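Trainee: So you can see what is in the structure, the chains are spelled out below.
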Amino acid sequence: MKTGLLKIAVATVVFLLFMSCSSMLHAGDETSHASAVGVDTLWVLIAAFLVFFMQAGFGMVEAGFIRAKNTCNILTKNFLDFCMASIGFFMFGYAIMFGAGNGFIGLKGWFLIGAESGADVPISAFWLFQAAFCGAAATIVAGGMAERMKFSAYLIYSFLISAFIYPVIGHWIWGGGWLAKLNFTDFAGSTVVHAVGGFAALVGTILLKPRIGKFKQDGSPNAIAGHNIPLASLGVFILWFGWFGFNPGSTLSVGDGNLIARIAINTNLAAAAGGIAAMITVWRMFGKPDLSMAMNGALAGLVAITAPCAFVEPWAAVLIGVVGGVLVIAGVVLLDRFGVDDPVGAVPVHGLNGIWGTLALGLFGQKTLGLANNGLFYGGGFTQFLIQGLGVCSVILFVILSMGLIFKIIDITIGLRVSRDEELKGLDIGEHGMESYSGFQIFLTE
Amino acid sequence: MKTGLLKIAVATVVFLLFMSCSSMLHAGDETSHASAVGVDTLWVLIAAFLVFFMQAGFGMVEAGFIRAKNTCNILTKNFLDFCMASIGFFMFGYAIMFGAGNGFIGLKGWFLIGAESGADVPISAFWLFQAAFCGAAATIVAGGMAERMKFSAYLIYSFLISAFIYPVIGHWIWGGGWLAKLNFTDFAGSTVVHAVGGFAALVGTILLKPRIGKFKQDGSPNAIAGHNIPLASLGVFILWFGWFGFNPGSTLSVGDGNLIARIAINTNLAAAAGGIAAMITVWRMFGKPDLSMAMNGALAGLVAITAPCAFVEPWAAVLIGVVGGVLVIAGVVLLDRFGVDDPVGAVPVHGLNGIWGTLALGLFGQKTLGLANNGLFYGGGFTQFLIQGLGVCSVILFVILSMGLIFKIIDITIGLRVSRDEELKGLDIGEHGMESYSGFQIFLTE
Amino acid sequence: MKTGLLKIAVATVVFLLFMSCSSMLHAGDETSHASAVGVDTLWVLIAAFLVFFMQAGFGMVEAGFIRAKNTCNILTKNFLDFCMASIGFFMFGYAIMFGAGNGFIGLKGWFLIGAESGADVPISAFWLFQAAFCGAAATIVAGGMAERMKFSAYLIYSFLISAFIYPVIGHWIWGGGWLAKLNFTDFAGSTVVHAVGGFAALVGTILLKPRIGKFKQDGSPNAIAGHNIPLASLGVFILWFGWFGFNPGSTLSVGDGNLIARIAINTNLAAAAGGIAAMITVWRMFGKPDLSMAMNGALAGLVAITAPCAFVEPWAAVLIGVVGGVLVIAGVVLLDRFGVDDPVGAVPVHGLNGIWGTLALGLFGQKTLGLANNGLFYGGGFTQFLIQGLGVCSVILFVILSMGLIFKIIDITIGLRVSRDEELKGLDIGEHGMESYSGFQIFLTE
Amino acid sequence: MKLIIAMIQPHKLPDVKRALFQAEVHKMTVSNVLGCGQQRGYTETYRGVIHEINLLKKVKLEIAVNEEFVQPTVDAIIRGSKTGKIGDGKIFILDLPECIRIRTGEKGQQAIG
Amino acid sequence: MKLIIAMIQPHKLPDVKRALFQAEVHKMTVSNVLGCGQQRGYTETYRGVIHEINLLKKVKLEIAVNEEFVQPTVDAIIRGSKTGKIGDGKIFILDLPECIRIRTGEKGQQAIG
Amino acid sequence: MKLIIAMIQPHKLPDVKRALFQAEVHKMTVSNVLGCGQQRGYTETYRGVIHEINLLKKVKLEIAVNEEFVQPTVDAIIRGSKTGKIGDGKIFILDLPECIRIRTGEKGQQAIG
Ligand SMILES: Nc1ncnc2c1ncn2[C@@H]1O[C@H](COP(=O)(O)OP(=O)(O)O)[C@@H](O)[C@H]1O
Ligand SMILES: Nc1ncnc2c1ncn2[C@@H]1O[C@H](COP(=O)(O)OP(=O)(O)O)[C@@H](O)[C@H]1O
Ligand SMILES: Nc1ncnc2c1ncn2[C@@H]1O[C@H](COP(=O)(O)OP(=O)(O)O)[C@@H](O)[C@H]1O
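Residue numbers (the working numbering), protein chains in the order written: chain A, 1 to 446; chain B, 1 to 446; chain C, 1 to 446; chain D, 1 to 113; chain E, 1 to 113; chain F, 1 to 113.
Keep in mind the hints are simulated off the structure, nothing from the lab.
Predicted model, so just to flag it, every value in this text is computed and none were measured.
Misleading hints may appear alongside valid ones.
Capping the alpha-carbon separation at 20 Å, the derived lysine to aspartate or glutamate pairs in EDC-like fashion look like this [said to hold, decoys possible]:
id : chain 1 : residue 1 : chain 2 : residue 2
1  : D       : 107       : F       : 95
2  : E       : 2         : D       : 95
3  : D       : 60        : E       : 95
4  : E       : 60        : F       : 15
5  : E       : 85        : C       : 422
6  : F       : 107       : E       : 75
7  : E       : 107       : D       : 68
Bound-form chain A, shown alone (with noise of 0.2 Å):
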């Protein structure tokens, strides 16, 4: 008997216990949470469609910084490089980029079949940001081989960066290659997006040469003044807006919302710092505070915090775009003495600032927020910094061998340049056979 009772006493315990427990259980079900997988994926989607908008600002500053007869061209380029960039991503880039292979290319999920999300969400929505990232790679070059470069040549180029090149550079740092393994460290592009833009738009524009009426016979530069200034800085907006999806949407998580907040916030002091140094820097090198180098200024700044941004304190994050503010004015007056011919600034922008971010982080990174070594500054030695160097040279050296032969080649067979009328009429005629600003009178001259 009393085991009876014992066990029907044990049996009423452990029954309510176990209702008890499930009825908490049920409670939570029903305030219903909601699936961190879908908030991880939620994030990562907004940050892609942030990152997707960065296209209207690179086209925005682009075409603001060139001529008006130019301004259909580059658009067209910058419209249809995103266009080429998703469909080449999508069919071998990623694969290439995310997909099982070895340490220096991927070769697994061709066309997205088969292939597997690089991170805890949805490969849908992994794709769509990496895509997003590829096609920035793509456009940064047309800004530096603005108003002179055929657009069936660029066409091709942008397909090839967009589905083999970019990607297999994103193999080895983000995809698992090589240099991921060394621990080489580039948290949202630096490297794998600024100065592969930054270094083909290099490339290219050496191999197109200057815009006629750019030097003078003795060398020395003209200005070819932007024609649309408001355009331009509405597309720096975009791009810093864009840029809170680019850095702080690479988490690929939301977690407790720590690290997202904490790349956020270095994002936007970087290129606050960026601004004002370019401006102080311009204004006191040549007397006027000019609002296209205080843009690229701030463009620099966001540059070059990309590949830091996760692992440094705000006050580095303040340090490193002041240091990119003034490299961006350095590398335009030194590209003018080179005599190489950047309409927008690509290569100062995207270029050395891509380099300088990925090296910062060796300097100011942090092993507590989650980088392999301390940076140089807080006595991790050189070991990151020259890592991450390595990492940079080369990926530059890469893209400069690459890049130059696929220009190399594409000059040989259908030309990059168009002809010397052509660049005087425009490229909007002579390439489309429309103008830009129908019935505006424009002057063609400079």
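Starting from the known structure of chain A, arrange chains B, C, D, E and F with the ligands on it as the hints suggest.
Mentor: Frame of chain A, contents of chains B, C, D, E and F with the ligands only:
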């Protein structure tokens, strides 16, 4: 004794078990979890903001593609129709669309009083999302009827369409009306928003007659070039950006993120494919890669993927986009041949591709992805396809009849079209007494 | 034996129970839930990005409403004041606004060192959101003082307002200062941001005197038309879009989504109602539906709903917007009559409607929605209304005195206004040595 | 030779061009000008301020012709631009002692057409 | 009749218009030009490159008048635009053998005013 | 004195300016015009419609010179703008009876340079 011990043992075990169990739960409490409805609301709101922002995209595209002298006019129309749609959809539209009623019309919730949400999120969020859709349908028409429609007529029209016409159709499809009951499916509005807007534009533009100078005496068309291609290009990017709210947002919940991610990738691929397809087509047909057409192609892809975005695979999205891109060019050429003057391509982009997208669902849709029947290409036969056809035809018929009547009545009473003189001088001066580009020297002549 | 069996039975049950229980929990783990603070941080960050993007909106509106020859200047001001605000608010502003201190001023957390978050989200996120607000207050002034204020004077002013003036007022209201203790309520900143910006602009524009040619010798005003209405229109859409971060984001958490949804719908309805009301008013008064005024009306509605957005019902939001829309026209006309020259309407939009919105909370606010007292129309008597009145008056007084002093000192030392010659030629050439629309033929004359 | 200068309404340019082509005058130079004439202008209101625009947009034609073409050209311009309302415009005729075609260096009457 | 052409500083146009109205000269044609004169221009710097702008924005007035109005018109222009500094501008006076009002077909002296 | 008016290709302006400076002609007025001449124009296609642009963008130079400068000026313009292809442009030479420098009130030959 034994049982005593046993009792204690059992009690202890049970207690410990209970403790561990509840401490587990408690731990869960301490890192308190986000509520699912909260996250869903957040998502619907963010999507609504993005859809709202499309209004800017429509404005810039429409403005960019017409002449400078009518720019202020179209922008005023675009700006005010969103205001009108907000108020009209608040007063009557929501009740008609989502209120309880019959299969044809909803009749409850005027002024949102006593209205219920059509989703799991609070009604305020749901309303905002739906109101932004309603504004989009209204503004599509502005483009087709640009450069000659009276402002006062436009205001009346835009109130009527957003308070009555659009909601009635919405009720049929999204409000539980007769088409919904037939399993007609339009995930995010290829029919509800775009076909409605596009065919309202078609009726309107036919009734309005072409702009002066659009057609030669032999009926062959003249080109009337858009005045600001950068603006239009920005507008297209904004629309594309906003579409990431339009389609993925139509899930109205986040869930595990899979669905929103699939929709987002499909949306992007269709747009990119549409852009490329349209560019290639126009290049082959007319010898020049016309940016305005490539951009229309991307929009066409977006419109076309809107209905099927949740139910198809990425490769199908690419295909749907490609067809959309070709279709839009065919549409522009056809309209020109039939002497219909649609300055911005509202009919080919939204009308034709609204149909195509709706039908495409019947071809590529998949049961495993949540559709009622498999599409034709997945062995589902013609069932879904025919339902889709029936639905879109009924809607178009209704739009043509109702909008035809409305435009006719407006024409007879206050007049649809401005005077010849006003048209030649521009509606900016005629209707608003101000210029869009004061100080700029612009040729008014064709 | 029995007890032996019993033991085993109990152990088995307990074990199974434990397993089932923990597997339940484990299942919960597997579909792991999102952390609430993570989601809140995400929301605050997204809202901060949107508020940041408003900077572009301000820039485009201000640029569009002035003459082409001063465009680059206003854009530089707008661009750099956000940079200055970021750095100034980082160094001093945050400490003054949210640091521990007395009822008048905060005094802890300089350079964010040792600073604490004012909400449940990480300080980095909270700071970014607040910094974007600070930038908005600073840039409002640029519009009112446009086309004649020295660039260097502007830089100094913008650092001072964002590092000191704005934070002090912010401390009173949002930092636990004396007004907060009186239950003065300003949900998202009708007073803190808009009245501050608007009245700083008023002081500034009075001290600066009108632009050359704005008033005839008899004191009656001339119209100085804005040079780029599409740009301004885009700017208004961007602002409206950003306001969805400004108001709903001020919840600083998502919760069950109800509150953010209510705020979003109210924000949208007030804007729409303001736009329509302003258009009707200007149409009746001056015979033409002036887009620039309709857009100002929408902004007025947005400013007015900013304080009460969380505490009123939708119909009240419509009413608040309508009054705002009418008020803005009255304000523009009045300023003209008093010989105050505010080129973009900063004072009527932000100043007047900042007051109106703050007071409206005392009329339409509801206790059930979280306000301390019911508003006048809900039977709460004049309590809340008077508190609101006291608050906004004190703030305006403080702004007028402090900013008046600052502007006066700047005027005496480096000068507030450019020379007559520079003003006539345009500040773009005078201050920045570059044109905004190089190549375009633009009439410099009125 | 004469240099004919005409200021016409912008929206009449297509008509004038057609009339000139019919009169076999194919060469001309066109530019944008602002005109102040008998026409009163129109009032614009901008942000609540009514202002009278008295510089109106006009199109200026410059046509160099041989003597025998002067009358047909003038007639064609009038045919294309006349509405009988104020603002129709004016024609000025100047003497043109010399004309050179840059491409060939031709001078005078051969150069003009 | 004479055709008076004047190139003036853009920001002097309002003053010149006022002076012309006082002299009862109400008709004129205005256009935008770029001028290269004694005035040196100014330097702009753009992206670190200093460049000298030597084409300055000017406004060109064209006024057709009867002989007796030539002097008053010239005086009015000078009164409105003179500052005594380089860049003030120039006035050119051409013979105008014929003038036609499109609206009425009037010619010569009646047509001009 | 003569008033030399030349219509040239826009992209030849820098060359013409250089040639003029070499000929010591430093003063001129430049404006934007649309020209209709022997040059056929080019076809644009916009949204599937081919349309022929027959108003081409040109630049107009106006240069007032003393008699002895006429030939050098004309030569310089030709040197700078001639390519031998259709569209090179035209030069018109008008008599200029009077010229006034606003700044000093100087007249005639002193005023022109
Ligand atoms: N005396 C003049 N000098 C220069 N331009 C003139 C003169 N008279 C008329 N015009 C030009 O001709 C245009 C039309 O003149 P208007 O007086 O309106 O014509 P109408 O007298 O035939 O109505 C003016 O806008 C102006 O550009
Ligand atoms: N010889 C000329 N031919 C054509 N235009 C001239 C000539 N001289 C001056 N101009 C025009 O007049 C404007 C003012 O000339 P400028 O030499 O600066 O005046 P000033 O000699 O009185 O200082 C020039 O910008 C140019 O447009
Ligand atoms: N008779 C004319 N009257 C006015 N402008 C003319 C005349 N002939 C030529 N022009 C101007 O000169 C430009 C060049 O003329 P074009 O006939 O193309 O030169 P060419 O005969 O040397 O090839 C034209 O675009 C036009 O602006």
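Trainee: Confirm or reject each hint.
Mentor: For each hint, the structure was consulted:
The straight-line distance between the Cα atoms of residue 107 of chain D and residue 95 of chain F is roughly 16 Å, inside the 20 Å bound, and the hint therefore holds. At roughly 12 Å between alpha-carbon atoms, residue 2 of chain E and residue 95 of chain D fall within 20 Å of each other, so this suggested pair holds. Taking the CA atoms of residue 60 of chain D and residue 95 of chain E, the gap is near 19 Å; set against the 20 Å cutoff, the hint holds. About 24 Å separates the Cα atoms of residue 60 of chain E and residue 15 of chain F, which puts this hinted pair outside 20 Å; it is violated.
As the CA atoms of residue 85 of chain E and residue 422 of chain C are separated by approximately 16 Å, the hinted pair is consistent with the 20 Å bound. About 13 Å separates the Cα atoms of residue 107 of chain F and residue 75 of chain E, which keeps this hinted pair within 20 Å; it holds. Of the supplied pair hints, the one linking residue 107 of chain E and residue 68 of chain D holds, its CA atoms being roughly 19 Å apart against a limit of 20 Å.
In terms of the numbered hints stated before, the structure departs from hint 4 and from no other.
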